[in-house]
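**Student:** For the record, the sequence lines run as chains A and B.
Taken in order, the first sequence gives residues 1 to 745; the numbers are from our numbering.
Taken in order, the second sequence gives residues 1 to 636; the numbers are from our numbering.
Because the hints were derived from the structure by calculation, they are not lab data.
Since the structure is predicted, the reported quantities are computational estimates derived from the model, not experimental observations.
You may find that some hints are simply not true.
[As the list claims (entries may be wrong)] Straight-line Cα separation of at most 20 Å, DMTMM-like style, residue types lysine to aspartate or glutamate; simulated pairs:
{"hint": "1", "chain 1": "A", "residue 1": "K207", "chain 2": "B", "residue 2": "E41"}
{"hint": "2", "chain 1": "A", "residue 1": "K233", "chain 2": "B", "residue 2": "E41"}
{"hint": "3", "chain 1": "A", "residue 1": "K234", "chain 2": "B", "residue 2": "E111"}
{"hint": "4", "chain 1": "A", "residue 1": "K233", "chain 2": "A", "residue 2": "E269"}
[Stated by the list, open to error] Simulated coverage check for chain B against chain A, where a stretch passes if three residues somewhere in it have a Cβ under 8 Å from a Cβ of chain A:
{"hint": "5", "segment": "51-64"}
{"hint": "6", "segment": "125-134"}
[Claimed, not checked] Sample of chain B residues with no beta-carbon within 10 Å of chain A, all distances over it, derived:
{"hint": "7", "residue": "P15"}
{"hint": "8", "residue": "K48"}
{"hint": "9", "residue": "K76"}
{"hint": "10", "residue": "Y84"}
{"hint": "11", "residue": "P149"}
By construction, the Cβ of each residue, glycine as well, lies at the ideal position given by its N, Cα and C atoms.
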Amino acid sequence: MAAVQGGMVDAKDETDIKKEPTSDGFGNNHANDARVLTASPGSSAAAGNNKPAAGAPEEQQTLLAVLQFLRKNKLSESAEILRREAGLPEEVLNPKGSDSTGSGQGGSTEVDGEDASSLLSRVTLPTPGGAKAPSKAGEDQPDVNVVLSAYSQQGDPTLYEVYYSGLKKFIESVLDCHRAELSQVFYPLFVHMYLELVYNNHESEAKAFFEKFSGDQECYYEEDLRILSSLTKKEHMRGNETLLDFRTSKFVLRISRDSYQLLKRHLQERQNNQIWNIIQEHLYIDIFDGMLRSKSQIDAMSGSLAGEAKREANKAKVYYGLLKEPEIELPLDDEDEEADNEEGKPKKKKPKKDSTGSKSKKQDPNAPSQTRIPLPELKDSDKLDKIMYLKESTKRVRLGPDNLPSICFYTFLNAYQGLTAVDMTDDSSLIAGGFADSTVRVWSVTPKKLRKVKTAADLNLIDKESDDVLERIMDDKTASESKCLHGHSGPVYGISFSPDRNYVLSSSEDGTVRLWSLLTFTCLVGYKGHNYPVWDTQFSPYGYYFVSGGHDRVARLWATDHHQPLRIFAGHLADVTCTRFHPNANYVATGSSDRTIRLWDVLTGNCVRIFTGHKGPIHALAFSPNGKFLASGATDGRVLLWDIGHGLMVGELKGHTDTIYSLRFSRDGEILASGSMDNTVRLWDAMKAFDDLETDDFTAATGHIHLQDNSQELLLGTYMTKSTPVIHLHFTRRNLLLAAGAYNP
Amino acid sequence: MAEERRQKQCSVSLPTESMKAMAESVGVGQLQEESCVALSEEVSYRIKEIAQDALKFMHHGKRRKLTTSDIDNALKLKNVEPLYGFQSQEFIPFRFASGGGRELHFYEEKEVDLGDIINTPLPRVPLDVSLKAHWLSIEGVQPSIPENPPPASKEQQKAESTEPLKVVKPGQEEKCPVQGKGQNTPTPDNKGKEKGLIRLKPRSTHELSVEQQLYYKEITEACVGSCEAKRAEALQSIATDPGLYQMLPRFSTFISEGVRVNVVQNNLALLIYLMRMVKALMDNPTLYLEKYLHELIPAVVTCIVSKQLCLRPDVDNHWALRDFAARLMAQSCKTFSTTTNNIQSRITKTLTKSLLDDKTQWTTRYGSIAGLAELGPDVIKTLILPRLAVEGARIKAVMEGPVVSNIDKIGAEHVQSLLLKHCASVIAKIRPQPDLVEQYRTDYGYLGTMLCSHVMKARTQAALQAQQVNRTTLTITQPRSTLSVSQSGLSGSSGPRTPSIIKVPSSLALMSPRPGTPSQPSPPATKYIVMGTSSGAASTQQVITLSSSQSASPVTSTVPSATSTLQPLVKLEPGSGPGLTASRPLQKYIVVSLPSSASSLETKTSVLPTSISSTPVDGVKMERSDSPAASTQSPH
């Protein structure tokens, strides 16, 4: 299992990852590579070469790129064969040859450019207006160039407004049922037209265009529009990540066949090639048959940076079931003392059957096979912990709308606005806080103090055969309620305890994830890989693995004993802001600033679900205990509920007025608690939210859901804190809700 | 509205002038206009880019406030060296200045004597992070303990008292008159009803928790007790604690009963204490007092106009109490008077009636005049000035007539000085310039002569002050009215007067008079200093003296009592300060711009003291936690 790394993640690649348009198809990447290799100084070449991208389907460009690559590597024979098979004219090949270093052969590159344009003329619609070769010199980001040069096609800049308002008029005049669907086209069109104008140096036109039409866009795109508005010069486009995202990923729209035909007919009648080209190149229109969607349905799903998820993206099978709990025979001799104390032998057996017995009897058809992901072996201490867990769960409070949990709030005092992350152990005995001053602090909230292991010299003196050796190795002199861990060089944004409570992980602005021992209170490993701030990290529910995600837009899966990641989950178009393991450890969910949530298969590294619908960066994720559902919270103050198996949004909980930083299901999944920057903890009736949902075949097939606006009914309670943003929530094993935050006077 | 905002977004960019200013600051003299435009566009774009990234760090830092470190981190992302030396816990106050046709925002760097820093004792080490647990909710009900926020916000309290129907969920409307009125009628039968009703319970709880009872006992005892320090603390707690809402009815009753009893017993001291409690309650921004005015206002009015407030009216200074209560009255008129309750007109009517009555005692007369006068110049003009002749005659009768009781004489004297004090400034405003004694005498009778001299004094004082202000703050395009207000504030500051009572616009009245809170700096005072700085010739030296000890400068020492009033006045100044020569502000400007090699040293020295001085403030804040509501911050 642990064998994916190797060459894939050497240092150079890692730095490249951020730059590369990750989600693009194979072809496009190759095109980029080819450009990198043959980076030519001649401006016309740059423009010409990329012509196909402007007008033609991408394969053509890919072909060209492959041809160039072959030639460059002196594989002329293969090149010739390929050329013949693709049916390209001979001259495509000929003039190359000398163009290997890419320095100073103006002539040859120019010819190349001509070839390309001749090719273009065969495969594309004639572009309106003269293709002006944009001048660029001294490129250091060729891939960006490729991306941008797609915009080099242009019409009369003054006509853009006419085109756009023409389309607007058309869409406004169509039947109501089509209007909502077709309106989706506005935003991506607007963005691309604006970018084209900017790219072609029509600054004032671009500005006028923006001012005229930006007000029409849906309010949830405001963030992006703000970024867009600041971008007024071609030079700015280079290196602007948002812009790259618009270009490299096709904006996905879901439109019914009828509406699409309507749009197509209109555009063809009007000979509106400008808009048609954009739709062809930059948009991916997912056409479906059947009922049209209403405005509210569309609004519920849109809002992400790259439009909605394609339907195919959510078709893969997800094994969301839980793993079978390992049978734990009650090790009676170990348990003797405790059993005597509580006279609980029969008692204990019963709950064990209740909780694990039912699960273990029949394998859940939706669960992955037990060995799909190699999991660490249970140690004796883990077994003890499991037993403790079972014992505690018998005392668990049954929650429900009539039986709300008590909330115990842990306030961090004197944190001076520096508290950035909090985690608690599963048994609620320890709390760790990450701070802006780069420290990690661990508190014990039970009377049991934190102790270090004795020094090596002292350890030598210990009788290793004694029964209480584990107790003896601890140094009582170091006992204290809290310990401070120093090591990071930037604010600590993510923190996570290992399930066995021996380690704590922290991720920081300095680009590292650190593993700390809670026995010695020292740093054991610094995992380097993310070169940019790491926003979040979390241990797998079975330990050993952990996941991290950061500003470099990828999430990484690590094993504690490997210094390199086992998997790199690439695909998000902006920062990965939060990461969560599925309870069965086979999947990882990541939330991102691109306003999507992705679910990744740990085994294959594939993205198996894309959830769109949030209108702001996602800051909180939580899986329901049965693994079937996912809850997500974002800066827009909404909690969305997702059915993982069907890949559907199943609920929307409105009420918070600020970023939601924490979500947690109660141990039995009846209650969802959310904590937010608006200083409230809210409790939601999760059972009802999931019960109400209607999953007939049609909705499942099309992904079109009707969300009732029943947030108020589902809201069970709102608890204000005293100017203390709630940044962490945790249900104890007995279903007491713990919350944490820093007092912020 | 969103559109407007968006359009703004589109066009915001740095003005070319700032490019020029920055260029000059690094020694580039003549910058082409075109380059300025290009530069400003580029710089604006980059700044926006960095701001966007910085925002990301703010979100992940779980803060609402963008800090300098966020910017640093954002710069690091872009592989740019962060700006060193701008670490600041609090926000950096940018000041505004203009002159020579230019407008600048600059960061005032204080020049600090290193010796001072070395010699001052080390500030307290800020407290370490600690963890404290409390119950936010117990089985769905939020306990009212100090760690939790007060159960009802002011708006909620208001909604509850004004629109009781809306508070309760639909379907329970039969109950709402009982419930919503908040008259503490316990509704024992609501327990087994619907869920929503149970959740409403905390709002109409009748019983105070044990802690609240203790608190109430402590506070009331301290307020009327003999220890002045304790009283100050208690009053401070009343004025600032957010969780008093549930105890408000008790306080209100306590005050009204207290006044009733003590007026009869002529216990002046206790009456004063009770009035101070009223003031503290009014100062508390979280309390919605409207519901209790029916108890508070009679108590206050009693203290204004009661015939006798003390055992020995000839010796005790009950006049001060009347003044104080009158001011309270005026404040509550300003804050609470609405078209429906008509507090102000009702009060005015009552006071006028007793003023017009011939048989009114001097004490009551004094009270009603004081009460009316505090309501503002307009009231003085319409209600008191016409009465001047009559009152004058009456005073004359006592002063010059046959010997009556000593008490009457004292009363007449006080009324006289009160009339003179309040009327002079008003007359000075409404009467044309030549102040002829004869004229006055015919107009105002017996008091005319004295009035005349007072008016003249008022005029000269006003002129003098205008001049003085002029001198210190450069040219002031200052409306006449503000000036006279500030002047009256000065002249009236003899007693234990809190300047904020009347002078502050009513909207601010609840918020501003909290001198003890460390989070409330006095920006106007510092503003003065800045102006002083920029105007003076030997400015650097002045900066040190002025900023280190405010009272040392003659400028500030004359003004402090009126500073809060002068805020609008101050705002006018910078716009018209021609004294800012081009060179001065430029030097200031360097600090804002990126630390060039030349200024980095300067910057560091200037930052040092701020960071040091900010820590003890925090420390103080932590310590000041004896009141239960603030004790969440205390690390016990």
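**Student:** All the hints need checking, so say for each whether the structure fits it.
**Tutor:** Hint check:
1. A:K207 to B:E41: Holds, because 13 Å separates the two Cα atoms, which is no more than 20 Å.
2. A:K233 to B:E41: holds, 9 Å
3. A:K234 to B:E111: Given that 20 Å is the threshold and the Cα spacing comes to 44 Å, the pair is violated.
4. A:K233 to A:E269: violated, 34 Å
5. 51-64: holds (count 9)
6. 125-134: holds (count 9)
7. P15: holds, 16 Å
8. K48: Not fine: 4 Å to the nearest Cβ puts K48 (chain B) too close to chain A.
9. K76: violated, 8 Å
10. Y84: holds, 15 Å
11. P149: violated, 5 Å
Hint compliance for this structure: hints 3, 4, 8, 9, 11 are not met, and every other hint is.
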